[in-house]
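Chemist: Okay, here's what each chain looks like letter by letter:
There are 2 protein chains.
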Amino acid sequence: MKKVNVGIIGFGTVGSGVVKILQDRASLLFQRTGAQIKIKRICDQDLKKKRQVKVNKNILTRDAWKIINDPEIDVVVELIGGIHPAKEFIIAAIKNGKHIVTANKALLAAQGREIFNAAKKYGVDIYFEASAVAGVPIVKALREGFAADRISAVLGIVNGTCNFILSKMTKEGIGFSQALKDAQLKGYAEKNPALDINGTDSAHKLVLLNLLSFGSFVKIKDIYVEGIVDINSNDISYADEFGYVIKLLAIAKMSHGALEVRVAPTLLSKNHLLANVCGVYNAVLVEADMAGPVLFNGKGAGSYAAASAVVSDIADVARNINSSSSRRVAEYCPQAAGLKLRKIGDIESKYYIRFSAIDSPGVLAKISGILGSHGISIASVAQRERRLTKVVPVIIMTHEAKENNLRNALKEIDRLSVIKSKSVAIRVER
Amino acid sequence: MKKVNVGIIGFGTVGSGVVKILQDRASLLFQRTGAQIKIKRICDQDLKKKRQVKVNKNILTRDAWKIINDPEIDVVVELIGGIHPAKEFIIAAIKNGKHIVTANKALLAAQGREIFNAAKKYGVDIYFEASAVAGVPIVKALREGFAADRISAVLGIVNGTCNFILSKMTKEGIGFSQALKDAQLKGYAEKNPALDINGTDSAHKLVLLNLLSFGSFVKIKDIYVEGIVDINSNDISYADEFGYVIKLLAIAKMSHGALEVRVAPTLLSKNHLLANVCGVYNAVLVEADMAGPVLFNGKGAGSYAAASAVVSDIADVARNINSSSSRRVAEYCPQAAGLKLRKIGDIESKYYIRFSAIDSPGVLAKISGILGSHGISIASVAQRERRLTKVVPVIIMTHEAKENNLRNALKEIDRLSVIKSKSVAIRVER
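Residue numbers (this note's numbering), protein chains in the order written: chain A, 1 to 430; chain B, 1001 to 1430.
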C-alpha cells in the first residue's frame, strides 16, 4: 500500500468538489485504488473566500511553486484554467516528475502537443477526463477501450449551453435570444456567453475527441466552426416537418481517406442516436468499426460532475503509482502517418436550404435550375405558404453535394431579384 | 516490449472474430498496448468447419489442456460458454497463473464468486467485458471509472431480442408472437428463444452489473425475473397514451438502505434516457451521485461487437503484462458490509394496472375502494371505451405503493364478478 500525495492548483468550485470527494471518500478510494490518497497542499489566489469544504489552513498557499517544487507531491491537479500560467505550472511539474490531472480543455486544445510530449519525455502520466465532457467518461473509453477498433467518426453534443438553448427553441418554438435569456436565468449560460454559443468551447473539446479517435492533433484555427446565433426558430420547425432536429454538433470523421473536423449546427434525423439528447445533457457518439456505434450520454458540466472526472483520474494515477505502472497507457495512440484535413469547401454533405423568395410562377424552376447547374440535385421541396407576390420560405433538401458547389449556387441564387434575403443552408448528418 | 501469448478456447463466431482482429490489427494493437500479442493456440471440438478466418493448422487443437498447461501461454480466452467444462478450464488456467478473458455471462453469474476468488488468490487478472453488454463498454466504466462515485442505481436494456420485439410491437401495433416471428426471421431471436424472452439472459447480465455497481454478489435464484411473453400490444398502446413506453429492464438499485434487483417489463416515461433505446440496441444507465446519470448505448450482440470487447480485454491484460501491473484493478470493489436484498413483495413502486371489467355503473367505485383499502392511491384513470354490459379495459396509474399491498388488492379485485380476466400490473420506473 502506497501513499499518494496530491497538490491541487485552483480552489474554485471544481477544486472544492475535488477536495470534498477526496476527504469524504478516502476509504472508498483506498478500496478502489489500493493507495492512500492525501491532499498535501492546495493553492489559490484567494484564500479567504468562503468555500463549501473545510481544510486545514496549513495546507493552503498562494504560491503554486510550493506544490510544483515539493518533492513529496506525486500528482499535480491543475484546475485554474486558461493558457498562462497553467501551461508553465504543468510543464514545470512534469519536469519535476509529477503526474498531471487537468480539466483545462483550452490549454490542451492549444498546447496539448507540447504538454503530452513533455509527459512522455519525463515518464509521467497525464489524465484529462474533465477536459472533455466532464461526467461523460469518454476519454477513458477512447484512450483505453476500443483497442480492437478503428473509429470512423466521433460526433458530439459537447456544449450544454447550446444544447439547452436549441432544445428550448425546439420545444417551445421561441427564438434564440429568448432561449438564451432563459439559459442565463437558469445559470446554464454565462453573462457573456460568447465562448459557448459561437462554438469555441465545442471546438476545444473536439480537438481532444479528434486526437483520441484519430491520433492526430488539429489546430483550433484549422477547425471550421459555426455557432448557433443565427439559428432561426423557423428553421427548427421546418426541419421538424421533414423529420429532423437541429443540434450543434462537434464532428470528426474519416471520409475518403481524409479527416473532416468541424463544429456546426446540423440536422439529424429524429431516429439518430443523438437526436434525443436534450437540455443540458451532452453526448458523444463513437462509430467504431467492430463494436458498432456507441453512445455516451451524461452531464457535460456541473462542479460535481467535473470533480467526479478529476477524482476518477486521480484514482487512475494512484493505481499506476501503486502498481508501479506509470505510462501504462499513452495519452493517445499516434498514427503512423499524419492524416490530411479536408477543407470545408471540399466536404460532401446533404443540405437543408431555406430560400426567402417572392411567391411567383417560375421561382422554383429558377432555383432548381441554378442548383442543377452546380451539380446539386434536390431530394425534396416544400413551400408551406402561398402568398402571391409576397416573400415566402421555400425549403429544399438536397442529395449529397460538394460544399463549394453549394456555396457557389447560393451566391448565384441570392442575386436573383425574386430572392429577398440571404439563403440559409444547414448540413444534414446521417 | 513484451510478447504476450494468447490461447483461445472456442473457435465459433466470436472466436473467429477475435482471431481475425488479432491477426489483422497486430501492429495497431502493438501501438496501443506496447506488447506483441500472438495467438499461440486455438482449441475447438470441430476443426474441420469452414471459418471466415485462416490460421496455421499447427496451432489448432481439440484438447483445451494443451492451452491450459502450456507454460508459454499468458492469457486464456474462454469462448465456449456454458458452465461445464468452461469453469474447470478457467479455474485450472488460473491455478497455472494464466490471465483470463471470458465472454461467459452464464458462468460468471452462477460461479463468479469462486472464479474471482481464485483469480485473486493466484494473482491473475480476469476481464469480462463481453460477458456484460458486448459492444457497450460498461464493465470497464464501472470497474475503473466512477472511482469518485457511489452508484444509486443501474438500469439496463440488456437483451437485444426482447428490445427488438417490444420496439416492433410498439411501432407496428402487432402482437408478441408476430414480433417474435419477425425477430427470428431477422436472426435476432433463436429458434428456441426462451432464455432471452423469459428474462434469464438479462438476469445473468444483471448479476454482473449489480456486482460492479454495488460490490455484492446476488444469486440468480434470488433475482425476481419476469419475461416479456405476457406483454400485450394493448398495454403498449395504453401506456403510450399516458406518455410511457414499455421496456424489459434489468434493475439494480439502492432504496432505503437495501438492494432491489429485478428483471421485468417496466413503464418508462418517454422522456426517460432509456425510453428511446430501440431495436436491437442495448443500453445501461448508471445513476452516479457525483457524475450524475450516465447512459451507455450500443450493440449488445453481434459477433464483431463481442469480439471487439474480447480483444479490448486482451489489450488491457497485455498492458498489465507489459507494465508488470497485474491485479492493478480488482474485478469489483467489495463493500465493507453485505447489502440486504429486498424481497419483491416489499418494494415500492408506481404501477400501471389494466382491469378487464364489465362496463356497468359502480365498477370503478368498487375497484378504487379495494385499492384504497390496501393503501393504494390512484394517480389517474382511463376507460377508453363505453360498451355497457360488455368487457372493457380500465387503466389505472397508481402513486407509490407496496408490491404486496398491490398483489393483495388485485387478488381481491380479480374475485369480483364484474372482473372478467386476470388484471395486469406493470411497474413504472422514474
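Check each hint, because a few of them may be wrong.
To be verified - Now the stretches of chain A that chain B is said to cover, found in silico as 3 or more residues with beta-carbon under 8 angstroms:
1. 25-39
2. 142-148
3. 232-243
4. 316-323
As the list claims (entries may be wrong) - Here are the simulated DSS-like pairs of lysine-lysine, each with C-alpha atoms no more than 25 angstroms apart in a straight line:
5. B:Lys1270 - B:Lys1343
6. A:Lys121 - B:Lys1002
7. A:Lys270 - B:Lys1270
8. B:Lys1181 - B:Lys1171
9. A:Lys171 - B:Lys1270
To be verified - Take a look, some chain B residues computed to stay more than 10 angstroms from chain A by CB distance:
10. Gly1012
11. Thr1061
12. Arg1150
13. Ile1220
14. Leu1273
15. Asn1276
16. Val1311
17. Ile1314
18. Asn1320
19. Arg1327
20. Val1329
21. Ala1330
22. Glu1385
23. Pro1393
24. Lys1411
25. Asp1414
Honestly, the hints are just simulated from the structure, not real lab data.
Glycine included, C-beta positions come from ideal geometry on N, C-alpha and C.
Chemist: I'd like to know which numbered hints this structure contradicts. Please list them from smallest to largest.
Modeler: 3, 5, 12, 14, 15, 16, 17, 18, 19, 20, 21
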